[in-house]
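**Student:** Sequence:
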Amino acid sequence: MKLISLTLLIALTTSWGAVLANPSDEPDDSATSQVQKAASTPPKVGQGVVLTPQQLALSGLISITPKAVTQNQEYTSFGRVINIQNLLDLRARHREAKANLDVLNANLALSVKNRSRIKALYDAKVVPSRELLQVETQWQADQARQEAASLQEQSIRYEARYRWGQALASLALQEDLKPLESYLQHRLSLIEVILPKGKSLNPNQSQIRVGRHFDRSLSVATQIISPAPQTDELVQGEGWFLSAAGDTLRAGMRIHAWVSDAALIEGVEVPASALVWHGGRSWIYLERTPGHFERMPVEQVSNAGNHTTIVSGVASGIPVVSVGAQTLLAEEFRNRIPAEDDDKE
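Numbering (this note's numbering), first residue to last: 733 to 1077.
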């Protein structure tokens, strides 16, 4: 009898202990909240981020499939539209000096003929020595004036060649004005481009486009005229003279130049908005699977214009985030920040 009573007492004590430990059958609200929070928090990845379907729907991210491109290597530089007034002034000075030289050449030719005629008459004892002395003096004076005028005309040609190079000097100083009329009527613009230090240009293989507002899509093709004899004091790079068709460029404008050479580059074309800057280099986000974005380093090898760029290191056919890359970068590093309550009990 005592054994049965002891067994019942132990059973009752165990039952009441269970009731006190869990007085309600309802689930714990705090535990449920933690489960929901864990379900809504994207799991962390190495260099990237994973978004839940709900987050992806609200994110506004847009991905595109970039296309592979192969083109000539290209780099950027700066230039300015040249005012050709200095060329016109040189032309006017040269025309004046040339006209004066022509007159003095004619005078000298006449003096030479008179000298020869009087010399023959003097040798025949027809005229006195005084007349021979006069024509000799006139001939020497005309010769000196002709030599001074020739030197002046030559100095202007040297000045033009020193400042503008052989091609532009010949263009400005030739007899025919028609080659300059296109510049005077603003159908062509004269441009000087200074290449970055260490860069060189092959006029037979290189192409240069110029434009305003750093927008290559609005740039125009140019024709390379000749190397510039002088360079910029700050940049210290090669200078080149170009001509560009159209009337959108005005004298004195600072312009942007895109210089391509014979070297070929390969890559994929992506929007400029797809690039983010972190750690001193450029990155893009690849969408490996829906909601799974991986950050990858890239090298910008060329500016393709129209707010696009060509990057290397990315295989074509893989979707790239074109809108919202900066948001993904912020989300990635936000997930790496430890929660403030992680150490609290």
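Some hints here could point you the wrong way.
[Unchecked claim] No farther apart than 30 Å at their CA atoms in a straight line, the calculated lysine-lysine pairs in the DSS-like style are these: (1) LYS857 <-> LYS845; (2) LYS910 <-> LYS830; (3) LYS845 <-> LYS830.
[What the hints assert, rightly or not] Listed next, with one range per pair, are the computed distances between beta-carbon atoms: (4) VAL858 <-> ALA838: 23 to 31 Å; (5) ASN818 <-> GLU863: 21 to 29 Å; (6) ALA1047 <-> TRP1009: 36 to 44 Å; (7) GLU913 <-> GLY792: 53 to 61 Å; (8) TRP1009 <-> LEU916: 40 to 48 Å; (9) GLN886 <-> ARG944: 52 to 60 Å; (10) ALA1047 <-> LYS931: 48 to 56 Å; (11) THR980 <-> ARG1068: 25 to 33 Å; (12) ALA838 <-> GLN886: 14 to 22 Å; (13) PRO935 <-> MET985: 18 to 26 Å; (14) ILE997 <-> LEU916: 38 to 46 Å; (15) GLY1012 <-> ARG982: 46 to 54 Å; (16) LEU883 <-> PHE810: 35 to 43 Å; (17) VAL952 <-> GLN906: 25 to 33 Å.
The hints are simulated quantities; they were obtained by calculation from the structure and are not laboratory data. Note that this is a predicted model, so its numbers are computed, not measured. Yeah, the Cβ is synthetic: ideal placement off N, Cα and C, and Gly gets one too.
**Student:** Would you mind marking each hint as holding or not holding in the structure?
**Tutor:** Results of checking the hints against the structure:
A C-alpha spacing of about 18 Å is found between LYS857 and LYS845, which places the hinted pair at or below 30 Å, so the restraint holds. Pair hint LYS910 plus LYS830 holds up; C-alpha atoms about 19 Å apart against a cutoff of 30 Å. For the hint pairing LYS845 with LYS830, the CA-to-CA distance comes to about 23 Å; that is within 30 Å, so the pair holds. The beta-carbon spacing between VAL858 and ALA838, approximately 27 Å, falls within the hinted interval of 23 to 31 Å.
For ASN818 and GLU863, the Cβ-Cβ distance of about 50 Å falls outside the hinted range of 21 to 29 Å, so the restraint is violated. The given range of 36 to 44 Å is broken by ALA1047 and TRP1009, whose C-beta atoms sit roughly 22 Å from each other. Distance hint check for GLU913 and GLY792: the Cβ-Cβ separation is about 55 Å, which falls inside the suggested range of 53 to 61 Å. Look at TRP1009 against LEU916: about 46 Å separates their beta carbons, and that is inside 40 to 48 Å.
Between GLN886 and ARG944 the C-beta distance comes to about 40 Å, which lies outside the given range of 52 to 60 Å. ALA1047 and LYS931 have their C-beta atoms about 30 Å apart, which leaves the hinted 48 to 56 Å range violated. Restraint check, THR980 to ARG1068: a C-beta distance of roughly 49 Å breaks the suggested window 25 to 33 Å. For ALA838 and GLN886, the Cβ-Cβ distance of about 19 Å falls inside the hinted range of 14 to 22 Å, so the restraint holds.
Checked against the hint of 18 to 26 Å, the C-beta distance between PRO935 and MET985 comes to roughly 23 Å, which is consistent with it. Our hint of 38 to 46 Å for ILE997 and LEU916 holds, since their Cβ atoms are close to 40 Å apart. For GLY1012 and ARG982, the hinted distance range of 46 to 54 Å is not satisfied, since their beta carbons lie about 38 Å from each other. Checked against the given bound of 35 to 43 Å, the beta carbons of LEU883 and PHE810, roughly 39 Å apart, stay inside it.
A hinted range of 25 to 33 Å for the beta carbons of VAL952 and GLN906 is consistent with their spacing of about 26 Å.
The earlier numbered hints that this structure contradicts are 5, 6, 9, 10, 11, 15.
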